[in-house]
Every structure is written in C-alpha cells, then in structure tokens.
Amino acid sequence: MMLDVMVKALEKSTADHVEMRHHKRENLTISIKDGKVDALNNGAVEGVCVRALVKGSWGFSSTTSLLEKDIVKALKDATTLAKASKKQKKRLARLAEVKPAEDKYVTPMKRDPRKADKEELVRLVLDTDGVVRDFSKAIVSDNVVLNVVDDDLSFVSSEGARLTQRIVRCFGSVLAVAREKGNVASAYETIGAQSGLEVLDETPLDASGRMAAERADKLVSAPVAPGGLFPVILENRVVGLLAHEAVGHCAEADLVHSGSFLANKMGKRVASPIVTIVDDGRQLGGFGTMKYDDEGVPTQKTVVIEKGVVKSFMHSRETALQFKVRPTGNARAWNFEFDPIIRMRNTYIEAGDQSVEELADGIKEGYFLKGSIGGQADLTGEFMFATQEAVLIKNGELQESLRGVTISGNAFEVLKQVDAVGKDFIMRTGLCGKEQVNYAGIGGPSLRTKVLMGGAPK
Amino acid sequence: MSLQTVAHSAVKNCEKLGADEAEAYAQRTRTVEVVLERGEMQSERVKIHQGIGVRFIKEKRLGFAFSSDLSKDSVQTACKNAMKLSKTSISNPEWVSLPTKEKLPKAPTGIFDSKVAALSASNVLDLAMRAYDAVKEYDKRAAIDDGKFSALVTEIAISNSHGVETAEKSTLLSGSMACMAKARGQTSSIAWEYDVTRSIKFSPEKIGRSAAEKAVASIGPRRGESFVGKLILDSDSAAMILFYPLVYSVNADNVQRKRSIWTDKMGERVAVSNLNVTDDGLLPKGIGSSSFDAEGVPHQKTPILTKGMLKGFLHNSFTANKEKKKSTGNAVRDNYNTLPSLSVSNLTVEPGKKKLNDIVSGVDRGIIVRRFSGTVRPDSGEFSGVAKQASYIEKGKMKYALKETMISGNAFQALMNIVEIGSESRPTFGRIYVPPILLDKVNVVSK
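In the order they appear, the protein sequences are chains A and B.
This note's numbering puts the first residue of the first sequence at 1173, with every later residue one more than the last.
This note's numbering puts the first residue of the second sequence at 18, with every later residue one more than the last.
Extracted from the complex, chain A is given alone in its bound form:
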C-alpha cells in the first residue's frame, strides 16, 4: 500500500509541514481514423511527490520511484529547496486550519472499465466511425476516439491526513470532415463524465458522431457568418465555457489577488439578476469532481455568483487564510509532477425556464451560436470563444446555418445583458490550462445576450 510507504517516509521529516501524494494514472485510448484502427494505446504513469513547508517557504520534489528510500530523498530535496528559496519569496505561506481526514472515495459507477471487454469497446468506436462516414458523400474523413483515464490517488500529511481516492473518467470525441468542390469544413463533438462505462449508454458516442457529420455536411457549402455586435442565443454547449473561462478564472482567489475583474467586487452586482454561477466539487458525474482536493481539503458546492451578486471566491488553504474564509477545496494538481494550485471543479450557470424557441422569440435579427471548440479569457473578463455554427434568426425564426466565427467581449458586460435563460441545462467535459492542465466540468443552459462576432464587416 502506497499510503503506508508514504507514512513511513514521513517519519524522516524535518520540515514544519509536509504533504505527500502518490498518483497512478492508467490510460486506455482507442482511436479510429477513417475506419482503420490507428492504435490501441494503454499504459500507466506513476509517481510520488512531496511538498514541504519550512518557515513559510514551500519546496517541491517528485519521483517516479515508489521505494521508501527514494521518497525520503524527495522529502529531503523538497525541504532543501524550501530553505534555499526562502530569501527570494516576498510572501510567506500560512495555511488555514483543516481537520485532517482519514477516508476512502471511489467514483460511483455501474460498469467498471477495469473489467471491460476491450474488443467490445473497439467495436463501439468502429460503429460510430461507420455512422459518421456513411452519413453522406461529402464526409471524406473522420477520427473517433474513446478514452478511459483511471486515477489512483493517495494523500498523507504531517497533520495526520490519510486519504485514498479512485477517480474514473470515460470520454470520447468525434471529428468529421466534409469536402465539396474544393471547400473543406469540419465539426467536432464530445461526450464524457466522471463515471464508469455506463456514460456510453447514457450519451451514446454514435449520436455525437451523427451530430458532427450532419454539421460538417451542412456547413461545407455555407458562407462564414458576418462581423459586428448582434443579439444572440449562446447554445448550452457554449455557455459552460463562458462560466468557466471568463467568470470562473476571475473568481480563483490567486487571480483575485492579482487584480482580476472580481477583485473588490465581493457582494456587488456583476451580472443580470437571472444569472447564478456555481463551482461544485461534489456534482455526481462531474468531470472535475473529487471528494478531497490535492491538499486533503473536503470539496463543497461553492456559489460564486448568486442572482448576479458575487458571493464567494475559490480557495486553497493558503488563500483562505489570507482572505479570512474557510477553504473551499479548490487546490488541484494535474499529476505528481505538479504542486496543487487553485482550479475549478465543475463550473456552471444554473438553468432557467425558457425553451430555445422562446429565447429566439425576442430576437429581430441575430444568431443562434452553436458548438464550442474552445476559447480563452483574460483576468479583465475579456474573452474569445470559437463557435462552430451560426444559425441566422429573423423575427424570432431560425433560418439558414452559416459557418461559426469567434465571438468576444467582456464576460461581465455579456452577463449583464442576459435577459433570458433556457431550461436545456447540460454538463460537459473540459480540459483547462492554467500553467498546468486539468480536467474540469463545464455546464449551463442556452441563454440570450449580445456579443461581438468576428466575421467580415457588414
């Protein structure tokens, strides 16, 4: 048991506070390109890291060895680094009190991927590939991928925490490429959750395949949407990104401290009263769900913006003490090669009660922006997101589809202009990059607002 090896190594500590994490990540990837098995890919990455605090200065060291003597060496290295770098640190770390827990957690699941029949999974991916390529003559190429990422985590601290967690994520993606008269268009769809393989029954991969093929086929001969400021419906598949990238990051306490848009806005109105934004560490099936974060703090549901008003930021133990609040369990690390930093877990905008037709009703001339393919945002709330498809709306009626463009604006201006929120809530998978990447859940319903679209000027 790695827990015991680490507890043993911990006895050699001379630091004020020590955390050790063991992480084994097993990956299975099945990738099919144009009906051919590209490869079946399987393997594990495993190691241990040590974070040591000496007189307010952190030191970090990791090793891929699982032997006690090498873990003790990593502990010594981390302690030496902590001492050596103290001079250069302007702000010393102090941690909010947390009751050290002893606990075990396993992702709730019905079909454990460790017991899966791999041949059956290969067939499932091949079936989706068939659906995509048979969709129409215009579809010339595809790539269907299924991933299982199975994490075993253990955490021990000099305070007495003893935790093990097994977190299983199953997710897939489909890329469809259409070609016609020298024009090329592609479309991309994803599924996935923190779950066993039952997610493939709940959100079948072939349905995503059909959706991607249909979109690529439809857009291959379509022109690009125009540029300018327009009233729009942001589809539920796009809204999660707004909640995460543009709002969520601004509410991470480390970024609040560096002067994000939400600094000095606690208790103030920053969005329309019909907008509530949550970061939930416990959501069932959420891609970023953990019972304990990588500092051993129990996670919780954190309401960031309630009815348009800022309610809470996201914290590590260090920022919680600095802001004089309780830690929220947002300190996460990608793997044993990284120390934990403040990250979101599952971030979403709460559902309203309108149908997409009702949302369209209020628009004289605008667009229904569908399908996300990623985006970025600055600390000021300025964002840019790419959309795959822009459906023209005229007098409340959905009309022809155009190729999607990048949209931009300030998230909080966009959220202030939200005048209707849909009921079509969905949660999706995300991979967020903030110095180190991490899995995060993103979600929300479709909603109506105004954004700047980046096509050709009208």
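Worth flagging that the hints you see were computed from the coordinates, not collected in a lab.
Some hints could be false.
[To be verified] Derived pair list, reagent style DSS-like, types lysine-lysine, alpha-carbon separation capped at 27 Å: (1) A:LYS1245 / A:LYS1261; (2) A:LYS1245 / B:LYS412; (3) B:LYS157 / A:LYS1261.
[Stated by the list, open to error] Just some of the chain A residues that point at chain B, by a computed CB distance under 7 Å: (4) LYS1259; (5) LYS1353; (6) SER1444; (7) ASP1511.
[Said to hold, decoys possible] Here are the in silico distance ranges between beta carbons for each label pair: (8) B:LYS339 / A:GLY1534: 52 to 58 Å; (9) B:ILE65 / A:ASP1275: 28 to 34 Å; (10) B:MET18 / A:PRO1280: 38 to 44 Å; (11) B:SER220 / A:THR1252: 28 to 34 Å; (12) B:PRO320 / A:GLU1291: 58 to 64 Å; (13) A:ALA1394 / B:ASN374: 28 to 34 Å; (14) A:ASP1275 / B:THR117: 53 to 59 Å; (15) B:PHE446 / A:GLY1302: 18 to 24 Å; (16) A:GLU1291 / B:LYS339: 25 to 31 Å; (17) A:MET1173 / B:ARG55: 35 to 41 Å; (18) B:PRO122 / A:LYS1259: 19 to 25 Å; (19) B:SER139 / A:ASP1242: 20 to 26 Å; (20) B:GLY246 / A:ALA1394: 45 to 51 Å.
Glycine included, every Cβ here is placed at the ideal spot set by N, Cα and C.
Chain B: place on chain A using the hints.
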C-alpha cells in the same frame, strides 16, 4: 542501464512474445523550472520525467503500451500489454512496416549545450529574477502577471526490429512572461513575450523589457473603425494565423485523407511568389533539430513552397509507405506515451529585406497585431479572433492602442495577399521560424 539498452531489450522482448516487428521509444527528461505568479516566485521544480513507449505489430495489428517505470519488470509488462492490445485490435490493411535502418546524418550543430544541462534550480531562478527586474526597470506601470522559465535536458533512444538503434541528447532553455500595465485606475490587456533556444545564449532581460514595452504600449486603448485592409502580424501571430493551416495542409496524412485543401494542388501556385518555406530538421541550433525523427528516420531538408508554388508534403514512415515514397523524417512525438504523429521539425520561412519599423512606415492605414487571441480552423483556413496589443497605424505611424477589435479572414487567401515579409525571423514554441508579415484585405471589426 542506458536508455538505448532499455529500448533494445524491449524490442527483443516483443520479438520473443511473437511480434512480427516492434519498436521502443525511450525518453528521459530532466526539467528545472521556476514559475512566477503575480511577480512572485510561486514554485520551483526539479523533475525527472522518463518512460518508454512500445509498438507491437503482428499481422498488421498494432498495439501500443507505455510505462513511466524503466525497471526490467515494468518494461516487460508494457511489452505484454502491447501484445495483448495488438491481439484485441483489428488489422490495418494500410500498414507496411516500421522504418528500416538508414545511415544517419551528422548531429546538427548546437543542439546540446553542457552549460544549459548544468543549470540548477537557483540558476534558473536567477534568470527569472533578471527578467523580473527588467520589467520593473522598463516602466513602473508594468507588472508581471505570470512567468515560467525552464531548462530541459532530454535524451531519446529508439530501437526497432529492422536494426534502427539510435540515441541523442539535447538541451532547451526557455522563458516566457505575461505582463500588464496599470495606469489611471485601468489595467491594460495582457502582453506576452518569450524566448526559446538550445544554448545558454539567452537574454531574460530582453523578455522582460519586451513584455513590459508591449503592455505599456497598450495603455489607454481606443475603439477603432471597421474596415477591410492592411494588417501587420508579428512572428507568433503570423505562425498561428498563416502557418498553422499551411502545416496542416502539407501533412501527408491530411493530404491522403482528403482533409487538406491542397490535396490536389501539388506544383500549383498557392501563395505570393516571394514566399519560400522549407522544413529543415538539421537546422543548426534549431529548436526542433536532431539527426533523426521520432521513428529513428534521418532528418532532412524538405522544400515546401518555392516562389509560392507547392513543392512538397511532409511524411512519416506510415504515410510514405502508403505511397511507396521515402519518409521525409517528420514523425514527431510529444512524449513517450503517445504514438508518433506527423509534424514539422523546424519550419523556416525565408526572411525578406525590410525591418519591422520600415514595414510600419510604409502602411498608410492599417493595424499591427502583437498577440492574437482567436481561432484558426486549419482545414478550411478560416481565422477570427481578438487583436490584442494591437495599434492603429496611419500614414506610417503607430497612432494609438486599439480595444475590442476583431480580425478575420481566410489563411489560404491571405497567403496570396502577403504584401511584405520582414527580415527579422524568430522561432515560435511551435518550431516555426518566421519574420513579421504584412497582409492586405483582412477584415477588421470594431464595436
């Protein structure tokens, strides 16, 4: 045990397990990195990242497995897993063979610097602090948002059943910094600067100064007008907007699968006649240079565009075998735990004659973009996004910083609308060596 020995024994192991052919790719990287957050040192890390990836092929069925542990038992387990996956898989009729042994060129000069290899955590921290001080010295209004400085030593060893046995060591030193400027209660948009090199010849001061300069230049932005016209892209934005779609389109896998818009365009004009683009895996000091690619195939120099005409596609052994051609040595791997894919080694865009300042002087009305935050669809070439650190140019002079300005267009049309190619080329993290570029007929949209 040397990495080469580990790789070799993995191949022998697979052969014993019944492989028709097998390949092992072993990697060991020592990283020393320092991360700055809010201008303060957040963490420093010394990491040994190592592992092995094994390709096992039997009856054209491919299994791939990896392990981060290089002990004999773990490598054997990886070989067995690869064998089991090969059995589960179905045969790929397009599979021909792993690459055969070829004479390798001499190692490109300047890809390993013992001084970089010897850098300790405190040395890297000193580099970061020098950049940090340069920001403060440049202008009091400039502040660091974040930064990262790292020194890497990487050793790669490749072995396969057809006699490929090769190993090489290289170093890489890089630094990046994001700055903002605060004035009159406002915060500028975030400016980014970086440098990446194989050798110790590296100026953190230049990174700090340049990041601060860009941040300060974007203080007090104004709204511009919407128009269709001239746009200057700096190296990084040019790589993203113009050359990322080009790289996608000359990738032989995309060509063969008809995903490339240039599938039927070999020998035709696809860009202005002064655009010359080459992929050069042997470029001295090149950040993507080495004697061989990620399958052990010799690196080479491959012409892609000559005088605007499409001259070459890039191949790995799989795409080359499909057409009974020779691989151009463009197999790449980000890491030991991924299968080889296909990309550039060092893509070099031949510089022109004019310096950036002279290009600006020649623009009557246009904008200059020094950070592009947007999307580029590499297959169709459509790009749209926000022009960050953008300034309005009138009668050859930079007038003011722009806010809420979006640019859009199509990369393949833009390659035909290049007006000027600058003289000052630099590498991007994506291994594209490109100077600033002036385009015409780009959409500029403001609120």
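With respect to the beta-carbon atoms only, verify the hint that A:ALA1394 and B:ASN374 lie 28 to 34 Å apart. violated, 41 Å
Using 7 Å as the Cβ threshold, decide whether A:SER1444 counts as touching chain B. violated, 20 Å
Taking the CB of B:PRO320 and the CB of A:GLU1291, does the distance hold inside 58 to 64 Å? violated, 45 Å
For the pair we were handed, B:LYS157 and A:LYS1261, check the Cα-Cα distance against 27 Å. holds, 21 Å
Hint check for B:THR117 and A:ASP1275 - Cβ pair distance inside 53 to 59 Å: holds, 55 Å
Looking only at beta-carbon atoms, does the pair B:SER139, A:ASP1242 fall within the given range of 20 to 26 Å? For B:SER139 and A:ASP1242 the Cβ distance comes to about 23 Å; the hint holds.
Satisfaction of the hinted span 19 to 25 Å by the C-beta atoms belonging to B:PRO122 and A:LYS1259: About 47 Å separates the Cβ atoms of B:PRO122 and A:LYS1259, which means 19 to 25 Å is violated.
Close enough to count: is the Cβ of A:LYS1259 nearer than 7 Å to one in chain B? violated, 10 Å
Does the alpha-carbon distance linking A:LYS1245 and B:LYS412 stay inside the 27 Å limit? violated, 64 Å
If you check the beta carbons of A:MET1173 and B:ARG55, does the distance land in 35 to 41 Å? holds, 39 Å
Should the hint that B:MET18 and A:PRO1280 are 38 to 44 Å apart at their CB atoms be regarded as holding? holds, 43 Å
Determine whether the Cβ-Cβ distance between B:SER220 and A:THR1252 falls within the hinted range of 28 to 34 Å. holds, 29 Å
Checked against the numbered hints given earlier, this structure breaks hints 2, 4, 5, 6, 12, 13, 15, 18 and 20; the rest are met.
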